[in-house]
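Colleague: Each chain is listed here by its residues.
2 protein chains.
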Amino acid sequence: MDIVLIGAGNLATRLGLRLVECNHRIVQVYSRTEESAAALADKLNTVWTTHPGEISPEGQLYLVSVSDKALEELLTQINLGGRLVAHTAGSLRMDVLKPFSANFGVFYPLQTFSKSRELDFSQIPVCIEANNSENIDILRKLGTSIFNDVREIDSAQRRQLHLSAVFVCNFVNHLYAIGEELLSEKEIDFNILKPLIAETAAKALEFSPKEVQTGPAVRFDRNVIDRHMDMLKEHPQWNNIYKLLSESIHQLHTK
Amino acid sequence: MDIVLIGAGNLATRLGLRLVECNHRIVQVYSRTEESAAALADKLNTVWTTHPGEISPEGQLYLVSVSDKALEELLTQINLGGRLVAHTAGSLRMDVLKPFSANFGVFYPLQTFSKSRELDFSQIPVCIEANNSENIDILRKLGTSIFNDVREIDSAQRRQLHLSAVFVCNFVNHLYAIGEELLSEKEIDFNILKPLIAETAAKALEFSPKEVQTGPAVRFDRNVIDRHMDMLKEHPQWNNIYKLLSESIHQLHTK
Chain R
1 MDIVLIGAGN
11 LATRLGLRLV
21 ECNHRIVQVY
31 SRTEESAAAL
41 ADKLNTVWTT
51 HPGEISPEGQ
61 LYLVSVSDKA
71 LEELLTQINL
81 GGRLVAHTAG
91 SLRMDVLKPF
101 SANFGVFYPL
111 QTFSKSRELD
121 FSQIPVCIEA
131 NNSENIDILR
141 KLGTSIFNDV
151 REIDSAQRRQ
161 LHLSAVFVCN
171 FVNHLYAIGE
181 ELLSEKEIDF
191 NILKPLIAET
201 AAKALEFSPK
211 EVQTGPAVRF
221 DRNVIDRHMD
231 MLKEHPQWNN
241 IYKLLSESIH
251 QLHTK
Chain L
1 MDIVLIGAGN
11 LATRLGLRLV
21 ECNHRIVQVY
31 SRTEESAAAL
41 ADKLNTVWTT
51 HPGEISPEGQ
61 LYLVSVSDKA
71 LEELLTQINL
81 GGRLVAHTAG
91 SLRMDVLKPF
101 SANFGVFYPL
111 QTFSKSRELD
121 FSQIPVCIEA
131 NNSENIDILR
141 KLGTSIFNDV
151 REIDSAQRRQ
161 LHLSAVFVCN
171 FVNHLYAIGE
181 ELLSEKEIDF
191 NILKPLIAET
201 AAKALEFSPK
211 EVQTGPAVRF
221 DRNVIDRHMD
231 MLKEHPQWNN
241 IYKLLSESIH
251 QLHTK
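These protein sequences, in sequence, are chains R and L. Quick note on numbering: the first sequence equals residues 1 to 255 in the UniProt record's numbering. Quick note on numbering: the second sequence equals residues 1 to 255 in the UniProt record's numbering.
In case anyone wonders, no lab produced these hints; they're calculated from the structure. A hint or two may mislead.
Pairs involving identical chains hold if they fit within one copy or between any two copies, as the list cannot separate such chains.
[As the list claims (entries may be wrong)] Straight-line C-alpha distance at most 30 Å; calculated BS3-like pairs for lysine-lysine:
| no. | residue 1 | residue 2 |
| --- | --- | --- |
| 1 | LYS233 | LYS69 |
| 2 | LYS233 | LYS186 |
| 3 | LYS141 | LYS186 |
| 4 | LYS255 | LYS186 |
All chains, please: the whole structure from these sequences, using the hints.
Modeller: Here it is in C-alpha cells:
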C-alpha cells in the first residue's frame, strides 16, 4: 500500500519501519518539527514535510499518529479529498475523523513503542475499526500483512483496552521507577530486582493476576505494612501510593 | 546440610524442593497446620510435626519461613540449643533472632514464590547476613550450593530491597489484576494485554524505567487523563490510584 505517515513519534517510527520491511511504500512523512520529520523520512528512505498544506495527495492511506490534542486541529489543515484516513490512538473515538473524510477508521497496535528498541510484531495485537466494511477489509488486509493478531474492536472496547493498558504498562513502569529510586537512595544496584520483575510478569502470562497475588497487603500483615509506610515518611506521594494500593489489594481480595 | 524447615508456605515449599534437588537433607518440616506440614513433608520425603516442642534437635540449620507476626512467638517455644537459625524474611531485622540462639542469620531469596510454579534458581539473588563470620561462611556455602547470585546484605539494605520488591512485584501484580478486571467488565479477553505486559517488563530489564516512561501522564495529555478518570467514576479506589500515579509520574519527570 502507498501510505502517508502523519506524525513521527515512537509509534510512527516503529510502524513505519515495519511497513517498509513488509514491502509497503511510505509516500511521505509529516511532522510538526523538521528534526523529527527528517529523521524518520531518512530511516524510511522517503520525503518529508512540516507543512500540512504540502501533504501529498498520493496516499492510499493516511496514518495519523499525533497526540490526541493535536489531531483535530491538524486535520482541518489537510485536504484528504475523501481518501482513507486512520488514527492509531487507543482512547480516541473513530468518529473524530468523520468531519475530515468520507473514509475513515482506526489502526491501533496495542503495544508500547520506543524509538530505540525493536519489537517482535508477530506478538502485537492490532485493533481495527472503520466506517464501512470496505474500509475494514482494507485495514484488515494491511494489519494481516504486518501483524499476526488482527482484531475488530469498537471504540467503546478500545478505550477500555487503552485504560487497562495505562495500568499494566505506564503505571507498572512507574512502579519499577519507584523501586529504582528507592534502591539508588541506599546505593543498591537496580539489577538485583530484575529477576523479580521478570518472574512477576511471567506469572501474569500464565495465571490470573488476581489469583496469584502475594505480599504483605494480601496477607494483611499489618506489621510489615506499618514498617514500610514508616520508611516512606520522606516520600509522602509514594507513601500514599503504598497505602492506596495496599487497601485496593485488600478490597479486591475480600469482596 | 541437615536442615529443619520451620514453615510450609510458598517460599518453604520451593526452597525445600530446591535444597533436596541439590542434595541437602530436610530433617523435618514444621507447620502450624497438619495439612501444610504433611503436604510439604510428603513432597520432600521427610517427617513433619505441628508441635513446636517436637522440633528435631538434629538440624545443622533451622530455616524459619513463617509470617513476621508469628515468628517471635513461635521461636520462644523451640529449644534451639545454640544451633544456627536463619529467617527468610525481607523486612525483619536479623536481631529479632538474637534472644533464641547464639548463632543466627538471614537467608532471603529475592523472588516471588508460588507453590505451583517452578523457578530457575540460577536467576534468583539470595541475600545473606549472619551474627559472625563463621555463620556467614556457612550461609554463603549453602547459598552457593543452590543459587548463583549470593550477596551479603545488611538489615537496613535488605528492608529497603524488600520495600522496593513490594512496588515492583506485589503492586505491579495488582495493577495487572486491575487491568484484568477492567477488561472482564467489557468482556474482553485478558490475553490481549499479555504482549504489552511482557514488553513493559522486558524494557525495564534493558533500560532505566525512569528513562523509558511512556503514556498520557508523562506527556501531560490532560484530555486522555480526564477521559480515563471519568471512565473510572464507578471505581473510586482505582480512580484515586489513577490520579495518584499520574501525579507521581508527572512529579518524577519534572523534578
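Colleague: None of the hints should be skipped; say for each whether it holds.
Modeller: Each hint, compared with the structure:
When the C-alpha separation of LYS233 and LYS69 is checked against a cutoff of 30 Å, the pair qualifies only between copies, where the shortest distance is 22 Å, while the shortest distance within a copy is 37 Å. For the identical chains of this complex, LYS233 and LYS186 are intra-copy neighbours only, at 15 Å inside a copy versus 39 Å across copies, given an alpha-carbon limit of 30 Å. In this assembly of identical chains, LYS141 and LYS186 lie within 30 Å of each other by CA distance solely across copies; the values are 26 Å between and 53 Å within a copy. In the homo-oligomer, the alpha carbons of LYS255 and LYS186 lie at most 30 Å apart only across protomers (19 Å), although the nearest pairing inside one protomer, at 38 Å, exceeds that limit.
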